[in-house]
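Kindly produce the complete structure, drawing on both the sequences and the hints.
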Amino acid sequence: MIPGGGQPDMQQLLQQAQKMQQDLAAAQQELAESTVEGSAGGGLVKATVNGSAELQGLSIDPKAVDPEDTETLADLILAAVRDANSAAQQLQQEKLGPLAQGMGGMPGLPF
21 MIPGGGQPDM QQLLQQAQKM QQDLAAAQQE LAESTVEGSA GGGLVKATVN
71 GSAELQGLSI DPKAVDPEDT ETLADLILAA VRDANSAAQQ LQQEKLGPLA
121 QGMGGMPGLP F
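So this note's numbering is basically just the index in the sequence shown, starting at one, shifted up by 20.
None of these hints come from the bench; they were simulated from the model.
Misleading hints may appear alongside valid ones.
Unchecked claim - Estimated spans, in silico, between C-beta atoms of each pair:
#1 87 x 39: 54 to 60 Å
#2 80 x 48: 44 to 50 Å
#3 110 x 33: 28 to 34 Å
#4 49 x 85: 53 to 59 Å
#5 41 x 83: 46 to 52 Å
#6 80 x 45: 34 to 40 Å
#7 46 x 78: 28 to 34 Å
#8 118 x 87: 44 to 50 Å
#9 76 x 118: 38 to 44 Å
#10 35 x 82: 16 to 22 Å
#11 102 x 31: 42 to 48 Å
Unchecked claim - No more than 20 Å apart at the CA atoms, straight line, and that leaves these computed lysine to any residue pairs for SDA-like:
#12 115 x 44
#13 115 x 36
#14 115 x 70
#15 39 x 28
#16 39 x 51
#17 115 x 57
#18 115 x 29
#19 83 x 58
#20 115 x 58
Note that beta-carbon positions come from the ideal geometry of N, C-alpha and C, so glycine has one too.
Put into structure tokens, the structure is as follows:
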């Protein structure tokens, strides 16, 4: 039986919620400071994004640049950015997934 006439310990619940909120904020900060890389064309184009999937850098090997074929270069850039964003999503799942499970998959959270 729960002490206090069947009522949950509100102080304990508030402490647990506060700890989860702090853990979530720490994980989000860690994500913002983390970077992942994606590439395309065998490494001719590389995109770097942070854990929040914000583009931080783009590297293009001169061999990928053909003035007569800018469409292929654009495709390589898009592919590299998508690859990097996919890696960022995976990182988000690793960092935030366990926290979401701890919160019972609360609606409105991005995972």
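Against the structure, the hints come out as follows:
no.: 1; hint: 87 x 39: 54 to 60 Å; in the structure: 57 Å, holds
no.: 2; hint: 80 x 48: 44 to 50 Å; in the structure: 31 Å, violated
no.: 3; hint: 110 x 33: 28 to 34 Å; in the structure: 32 Å, holds
no.: 4; hint: 49 x 85: 53 to 59 Å; in the structure: 37 Å, violated
no.: 5; hint: 41 x 83: 46 to 52 Å; in the structure: 48 Å, holds
no.: 6; hint: 80 x 45: 34 to 40 Å; in the structure: 36 Å, holds
no.: 7; hint: 46 x 78: 28 to 34 Å; in the structure: 29 Å, holds
no.: 8; hint: 118 x 87: 44 to 50 Å; in the structure: 49 Å, holds
no.: 9; hint: 76 x 118: 38 to 44 Å; in the structure: 25 Å, violated
no.: 10; hint: 35 x 82: 16 to 22 Å; in the structure: 57 Å, violated
no.: 11; hint: 102 x 31: 42 to 48 Å; in the structure: 47 Å, holds
no.: 12; hint: 115 x 44; in the structure: 9 Å, holds
no.: 13; hint: 115 x 36; in the structure: 19 Å, holds
no.: 14; hint: 115 x 70; in the structure: 13 Å, holds
no.: 15; hint: 39 x 28; in the structure: 17 Å, holds
no.: 16; hint: 39 x 51; in the structure: 18 Å, holds
no.: 17; hint: 115 x 57; in the structure: 17 Å, holds
no.: 18; hint: 115 x 29; in the structure: 29 Å, violated
no.: 19; hint: 83 x 58; in the structure: 18 Å, holds
no.: 20; hint: 115 x 58; in the structure: 19 Å, holds
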